[in-house]
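Undergrad: Chain by chain, the residues:
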Amino acid sequence: MSTAETPKRKPNDFKSDLKPIWCPGCGDFGVLASLYRAFAQLDVDPARTVIVSGIGCSSRLPGFVSTYGVHTLHGRALPVAMGVKLANPELTVVAVGGDGDGFAIGAGHFPHAARRNVDITYLVMDNEIYGLTKGQVSPTSLTEQKAPSTPWGNLETPLNTLAFAIASGAGFVARGASFNTKALTELIVQAMEHPGFSYIDALSPCVMFNNTQDEWKELVTDVAPDHDIADKVGAFDLALKGGFTLGILYKELRPTLDEKYRHLVERTPDSDIDAMLDAFSARKGVAIGKPLA
Amino acid sequence: MERNSVVIRLAGESGEGVISSGDILTQAAARGGYYTQTFRTYPAEIKGGPCMYQVRMGAERIYSHGRHVDLLVCFNQEAWDLHHDALADDGVILYDSIAVEIPDEYRDRARPVRMEQLAKEIGGSSRAKNMVAVGAVSGVINFDTTPIQELVLRRYAHKTGVADANIAALNAGADEADDLRGSRAIAAPVEVQEDRVLMSGNQAIALGAVAAGLDYFGGYPITPASDILEWLSAKLPATGGITIQCEDEIASLASVIGASYAGAKAATATSGPGLSLMSELLGYAGTAEIPCVIIDAQRGGPSTGLPTKTEQSDLNHALYGGHGEAPRVVIAPTSVEDCFWATVDAFNYAEKYQVPVIILTDQGLATRMEVIHRPDTSKVERVERKTRKDAAGEYRRYELTADSVSPMGIPGEEGGQYVATGIEHDEVGHPAYTPANHVAMQTKRWAKLAPLSNGDARHAHVGDERPEIAIIGFGSTFGPVQEAVLKAQAEGLSVGAFYPRVLGPLPVESLNAFAANAATVLVPEVNFTGQLARLLKAECDFPLESHAKCDGLPFTGEDIYEKIQEAAR
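Residue numbers (my numbering), protein chains in the order written: chain A, 1 to 293; chain B, 1 to 569.
Because the hints were derived from the structure by calculation, they are not lab data. It should be emphasised that the depicted structure is a prediction, and the values quoted were computed from it without experimental measurement. One thing to keep in mind: the hints can contain errors.
Partner residues are not named here, just some residues of chain A that face chain B (Cβ under 10 Å, in silico) [claimed, not checked]:
| # | residue |
| --- | --- |
| 1 | V80 |
| 2 | L86 |
| 3 | L257 |
Glycine included, every Cβ here is placed at the ideal spot set by N, Cα and C.
Using the sequences and the hints, build the whole thing.
TA: And the structure:
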């Protein structure tokens, strides 16, 4: 990512000419600031970096960064990001979005991105609410939470996204918080350096519809220093424990999908359209009972 | 008298050798220098159920699978019950001597073949039944079995015993209907120098995609499109490309859009249900102006419908599916050969106009095997998209240009950074909601397709250019229409067909000119509501007769010929 000749980029170098449209005090500002810092720390090249998002307040993030960006459809950031990375594995690809985008409408894509281990970082700004549509519950909202669509209190159980990530085969699972940008920056750096799918649940309170900032600040604790991040069962325990444990829960190195495809292409003997057409030649004939060519 | 073409229909229970018999005949006929076209029906279930494989072979070019069966091979009683209605007046019946009973009035042209019995005697199991059947067929049509034997030897090169048993079964079969030997003889193939290939519509599309420069294919299994995914999975890595089976059709097209955003030529293939799921992304690709190709092998709808039967009922969806009004191009190949070229065109249109392009085939076209002229790959042109380096001055992704196509920054290009978005945006790509901007951008996105309705698209045509009896259709019905038009024209009728290959945008002026002298315009299509007829009524100046049918079966040349005759009266 970094080159010796050019001076290192600073966080401000990654700002675009668009100003964020978020409400004053929104947690997403802290996440964006952490992302700028992580990009600067890694000295990523904006011309070789793509941020992919879905729909929602947090999914407007790519517009505020000077890299390439794809603001896709609600829930579709991950498959689009996968396509970008597989088409050009040289690119640095970061997917971002909210908890509704990633775990309600987009939940069908999450386990597949995780198990395939495409080398992308997925940063979810989790506010446990739908902000853009004005305050309905999300899949991570607490049981009994009152919201416009749950006037008598939420009847459902929230999704544990960290446990979901570990169970799905994510090789890097961590939690950070918008109100702790230093630690979040470091998590983003490590996630981006991790070869493979990395997931960060970034607590990012919504000041308008679910202002949990003071409460969450009280609830967060750091991962214990003796936690073994290679221990999948231990990581799962930690994820299920409840409360908000910040830090890396789990890390596992596996070959990435993009790498596997590169190897597949390398070991497949080259062919071209004319050779492929030869196999269909009517005169040469083909094997009976088998698919032609 | 020798026949220019014969129609052979094999029928029985799925799994008892019907399909392999049809495959062998088709491949041997192709190898023997004949043109062939096949037509299959099969149950949606994996095991069991009635299946049918029809092979038409011709000494000269053939255009459709044929309505009247010259030779019906019945593996079981149900096959007789279901298919004897399709027999030509002098059609011969070959039937399994044990499994089938034939009514007395057919006895003079029906012969029992000891399929099961001979197979067991020769090979020790019923597995060689198909070879007995193929041998019997070869005898009746006087087809030299050399190509069959060559194929058997090639298939069982390392199993001499198996090869010998198969060839013995073949020869035994040929002796079975001995008194009918040569009674429905096919003419020797007209000697040909040019190279021919035998393939299905799906295979021609997959090959066309490779020829066009496909880099990335994301797909999800669905009948009848799955073998595009399967074939490309095996072959694309050899060209440096990637094929991936995604978790659903939404992810398939989403990943294709991501790959194309990153600069790849990318495609997916599906059938109706998958196209429905892709609708929102079609609108996105149209709005964010990201090139991509979507192959829709249509099947019987609505809903799960008739997964293994043919229909042309996704036209409306392909043209209009999705909320708002997002541009796309719809192209319908007219034959297996055209599947190759239409796919090349599709990629080029996608790149040139930065739009999603939908290729509309159908189950009949996608799965039928056909001997076609080998595509001359030196004639394949590859169009590349306009990129950052084609732009002068300050970069604006959605710049309003003279041709309404804007330079597309590709990640990796310095200074090409922008955010692709489905939100209405200004020239830079920033969200913008003003009335003037929305009008300008909608106008731009649609205006860029204008060349396609004004000469940039190639269309298919047969017969008179300004006919009295005009036929307009789309896609796979062109074959039977070609056959009928050529026949009626030879009989002195003023008849012709115009098939717009690009249906969106519709070449309205060309259609109006074609139909200007027509007393009758026939619009055949395989769907219930007459979707093309309705489109033509809305867009064009001429009155027309809709001939829509939705029985899950393709038209035959005879069907169309009869409609021409009615119109001529």
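Undergrad: Now, for every hint given, state plainly whether the structure supports it.
TA: Each hint tested on the structure:
Evaluation of the A/V80 hint against chain B yields a held restraint, the C-beta minimum of about 4 Å falling below 10 Å. The interface hint given for A/L86 is met, as the beta carbon of that residue sits about 6 Å from the closest beta carbon of chain B, less than 10 Å. The restraint placing A/L257 at the interface with chain B holds, with a minimum CB-CB distance near 8 Å, inside the 10 Å limit.
Every hint, counting from the list given before, is met by this structure.
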